[in-house]
Amino acid sequence: MIYCDIVIIGGGPAGLAAAISAKKNGIDSILILERDKELGGILNQCIHNGFGLHTFKEELTGPEYADRYIEQVKDLGIDYKLNTMVMEISSEKIVTAMNRVEGLFEIQAKAVILAMGCRERPRGALNIPGYRPAGIYSAGTAQRLVNIEGFMPGREIVILGSGDIGLIMARRMTLEGARVKLVAELMPYSGGLKRNIVQCLNDYDIPLKLSHTVVDIKGRERVEGVTIAEVDDKGKPIQGTEEFYSCDTLLLSVGLIPENELSRGMGVDINPVTSGPRVNESLETNIDGVFACGNVLHVHDLVDYVSEEAAAAGKNAADYVKGVILEKDAGQEVILKPDSGVRYTVPEKIRVSHMKENLTVRFRVGSVYKNCYIRVDFDGESVINKRRQIVAPGEMEDIKLTRDQLLQYPDLKTITLRIEEV
Amino acid sequence: MEVRNLTCINCPMGCALTVEMNGDKVVNISGNTCKRGEVYAQKEVSNPTRIVTSTVRVTGGKSDMVSVKTREDIPKGKIFDCVRALKNVEVQAPIRIGDVIVTNIAGTGIDVVATKNIEIKE
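Protein chains in written order, with the working numbering: chain A, 1 to 422; chain B, 1001 to 1122.
Keep in mind the hints are simulated off the structure, nothing from the lab.
Hints should not be assumed to be uniformly reliable.
[To be verified] Quick list of in silico lysine to any residue cross-link-like pairs, SDA-like style, CA-CA up to 20 Å:
no.	chain 1	residue 1	chain 2	residue 2
1	B	1087	B	1108
2	B	1062	A	100
3	A	194	B	1038
4	A	413	A	286
5	B	1043	A	202
6	B	1062	A	144
7	A	37	A	81
8	A	37	B	1119
[What the hints assert, rightly or not] To spell it out: a stretch of chain A is covered by chain B in this simulated footprint if at least three of its residues, at any positions, have a beta carbon under 8 Å from a beta carbon of chain B; those stretches are:
no.	stretch
9	43–50
10	63–74
11	139–150
12	196–210
Ideal Cβ placement from N, Cα and C applies to all residues, glycine included.
Please take these sequences and the hints and turn them into a complete structure.
What follows is the structure, given as structure tokens:
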């Protein structure tokens, strides 16, 4: 058995930032376990620019952003194992992992940071009728094929879903000589960032059809085309609106799902809305000393926020190992409750005695709201009102709470977040 | 007075910009939340530019592809020329972030640089 203060599961942006922060907060015994052959996670295939504006005040590509953290991990002498798959974590924080060099091995950790990221929603989750021909890829798979392996998955493309990866790939495939005929989005709004619609679709005259979906896939061996139809406000295809698009490839960009098999296996409570662990103000799960951050906790829009959140998780894990976070003495507990328009909050619970000076509460809204207020009520009393020009499901929102603010309400039980239209 | 509505692309905030123009002259820019938005709007209505990112083949490296970008943004109209000029480029490992891959791409005066470190394959 190997013994380690903090084991971090995943060497992507969340795992790297958590490790650096834990080290800077005084923990030397840290181990990152990464299943790929290099650190950096999905940033390595995100070759487009636009990362790091908040963190570094400059625009970086994904690999460059990752490198900033990888260099720090190396400079700080933080241990990591590549090509290493974690098989199981026990509720006693024994991590079972394997790789080709060491075989199967166990690590007893004092604290675990879950940073496994997320996975793309596959075709199987969509119930599209038709055969199962070659030529259907998730957008991220296509991204990996083009940017890392150097293959083009097809020449004539239709993309279902307007998530950011789908938009980015519409541009990427166009630049590589493919013809992207259409991006179809089931919802009446895009799930992607506005600037990706401008930069990736409008720049290349790629049409985006909102409230449309794929109702049939033609082709037995290889995709020959797809039928697109308009949908009504309940998402049901409208008869007579069907249109056939010939293509050899269908890319799916229909959402990301946090990858929590390991978390579930160890008994971590999962929020059905985020598909990520339920956490408190310290980003700690229901299991003492098990923390979560990044896309495994909830899907983020910007990697900058992943890094920020992961740094907090790393610091909190370090405090836990050093005994600063007192496990049992909870004291006053405040529940964060998402209300009309707000889908979820991270965290869901605040132990005021454990709260740092400032706390960022992140959340997503369920629909597009223009000219609205983000309202935060403390047991029914309106405390924060944030006017917003626009909020959208594709973009993460946050509010900041301070410990001083909460200490003024010693009997506080519930903080409610909601969107109110003007 | 002509009004152009743009979405700022400098960062993922995606501010909705309104540019009021009198012929070719920008009269007023609103909707931006930082200085970059103003600069972008000014540029987007006169000379739109983009950073172009792509990949080129690598020989002798731990990876077969290396990601690259134009060091600065280039005119929007030159994007395809830039990507075409990168089509058959092949570079030898090792490569460091910032290494120049192609100088003066498509006559823009801007260099294309590597955005990833590629080590030599042992």
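Status of the hints after comparison with the structure:
Taking the CA atoms of residue 1087 of chain B and residue 1108 of chain B, the gap is near 17 Å; set against the 20 Å cutoff, the hint holds. At most 20 Å may separate the alpha-carbon atoms for a hinted pair to count; residue 1062 of chain B and residue 100 of chain A meet this at roughly 18 Å. Distance restraint check for residue 194 of chain A and residue 1038 of chain B: the Cα-Cα separation of roughly 17 Å lies within the 20 Å cut-off, and the hinted pair is therefore satisfied. For the hint linking residue 413 of chain A to residue 286 of chain A, the alpha-carbon distance of about 19 Å falls within 20 Å, and the restraint holds.
A hinted pair counts as satisfied when its Cα atoms are at most 20 Å apart, and residue 1043 of chain B with residue 202 of chain A qualifies at roughly 17 Å. Distance hint between residue 1062 of chain B and residue 144 of chain A is fulfilled; the C-alpha atoms sit about 16 Å from each other, no more than 20 Å. For the given pair, residue 37 of chain A sits about 9 Å from residue 81 of chain A by alpha-carbon distance, which is consistent with the 20 Å threshold. This hinted pair checks out: residue 37 of chain A and residue 1119 of chain B have alpha carbons roughly 13 Å apart, not beyond 20 Å.
For the stretch 43–50 of chain A, the stated coverage by chain B is satisfied: 5 residues place a CB nearer than 8 Å to a CB of that chain, which reaches the threshold of 3. Check on the stretch 63–74 of chain A: 3 of its residues sit with their Cβ under 8 Å from a Cβ of chain B, so the three-residue criterion for coverage holds. With 5 residues having a Cβ less than 8 Å from any Cβ of chain B, the stretch 139–150 of chain A passes the three-residue criterion, so the hint holds. Residues of the stretch 196–210 of chain A with a Cβ under 8 Å from some Cβ of chain B number 4, which satisfies the need for three, so the listed coverage holds.
Taken one by one, the earlier hints all hold for this structure without exception.
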